[in-house]
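Could you put together the complete structure from these sequences and hints?
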Amino acid sequence: MMQIPLGHILVLSSLLFSIGVLGVLLRRNAIVIFMSIELMLNAVNLSFVGFAQSMNSLNGVMFIFFIIVVAAAEAVVGLSIILSLYRSRRTLNIDEFNLLRW
Amino acid sequence: MILFYLFALLSVLGALGVLFLRNPIQGAMSLVGSFFSLAAVYVMMQAEFVAVIQVLVYAGAIMVLFLFVLMLLSLRDEGPSFIRWSVGKVLAVVIAFGIWAQLALVLGQHDPEALVPQIVSSGEEVDSIKLIGQLLFTEYLLPFEAISLLLLVAVIGAVVIAKRRYPGSSS
Numbered sequence: 000m001m002q003i004p005l006g007h008i009l010v011l012s013s014l015l016f017s018i019g020v021l022g023v024l025l026r027r028n029a030i031v032i033f034m035s036i037e038l039m040l041n042a043v044n045l046s047f048v049g050f051a052q053s054m055n056s057l058n059g060v061m062f063i064f065f066i067i068v069v070a071a072a073e074a075v076v077g078l079s080i081i082l083s084l085y086r087s088r089r090t091l092n093i094d095e096f097n098l099l100r101w
Numbered sequence: 000m001i002l003f004y005l006f007a008l009l010s011v012l013g014a015l016g017v018l019f020l021r022n023p024i025q026g027a028m029s030l031v032g033s034f035f036s037l038a039a040v041y042v043m044m045q046a047e048f049v050a051v052i053q054v055l056v057y058a059g060a061i062m063v064l065f066l067f068v069l070m071l072l073s074l075r076d077e078g079p080s081f082i083r084w085s086v087g088k089v090l091a092v093v094i095a096f097g098i099w100a101q102l103a104l105v106l107g108q109h110d111p112e113a114l115v116p117q118i119v120s121s122g123e124e125v126d127s128i129k130l131i132g133q134l135l136f137t138e139y140l141l142p143f144e145a146i147s148l149l150l151l152v153a154v155i156g157a158v159v160i161a162k163r164r165y166p167g168s169s170s
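Chains as they are written, first to last, in numbering that gives the first Met the number 0: chain A, 0 to 101; chain B, 0 to 170.
These aren't lab readings, by the way, just hints derived from the structure by calculation.
Using N, Cα and C, we set each Cβ at its ideal position, and we do this for glycine too.
Honestly, I wouldn't trust all of these hints.
On the chain B side, residues computed to face chain A include the following (Cβ under 10 Å) [unchecked claim]: (1) Y57; (2) A60; (3) F67; (4) V68; (5) V86; (6) K88; (7) F96; (8) A100; (9) Q101; (10) A103; (11) L134.
Here's what the structure looks like:
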């Protein structure tokens, strides 16, 4: 099987990461922002797999294992925070939340 | 090789769906599609373990969690404030494009294949689940235990944070 060139994988990864950054900065819905963060984590995972493939090493795969577990924990805690935020304010628009704003 | 570009295109389209679809549920479904096509890309990169984890944990567990929360909240569309164009938003686009341009510039100037040390393939299967398991319980034993603790803390934290406080109870 032909190996996919590392450069193409990194370009795909950078595209996905930039779309995630755009999602975080442009959208105002807290859950959509959260999904964009997951997208950025995935872009990083993709570049990890790319380097692991081209270096012929398993350490990158181990890193992805840990990244995915941390992402799962982060999603659980973040979504419960969003849930309790929605209960107190009845909205998810992050422009309405300025409790910690200086 | 053509399949790689097809699935790469699909994953980018799914990501753009998250960015541009008004309804968060549609965005979540398009993100699921993006994760699935990324799993296909992983299969083509001979990283089957990562592909399986991607489908099980990301497209399965995490996205189901997102959809459950969306269902609990019964959201409406974001309405007229969907993407309000303002100076800040234009700045956001400039920042995101700047990040992408920097990454592309670095990739264009250096051949990434030349940067990684060339390790001669020993001929054996690299991404075998057996090897991953061995690494997990020898070299990566401490992070493995730490991450199990992290999951426990996350579960307890999620329950405590999301617990509904009834008006009568004292807490």
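Results for each hint:
1. Y57: holds (7 Å)
2. A60: holds (7 Å)
3. F67: At 8 Å from the nearest chain A Cβ, F67 (chain B) passes the 10 Å test, so the hint holds.
4. V68: Check passed: Cβ of V68 (chain B) comes within 5 Å of chain A, closer than 10 Å.
5. V86: At about 13 Å, which exceeds the 10 Å cut-off, the nearest Cβ of chain A leaves the hint on V86 (chain B) violated.
6. K88: For K88 (chain B), the interface hint holds, since the closest Cβ of chain A sits about 6 Å away, which is under 10 Å.
7. F96: holds (7 Å)
8. A100: holds (9 Å)
9. Q101: holds (9 Å)
10. A103: With a closest approach of 6 Å, the A103 (chain B) hint holds.
11. L134: Nearest chain A Cβ about 6 Å off; hint holds.
Hint 5 alone, counting from the list given before, is not met by this structure.
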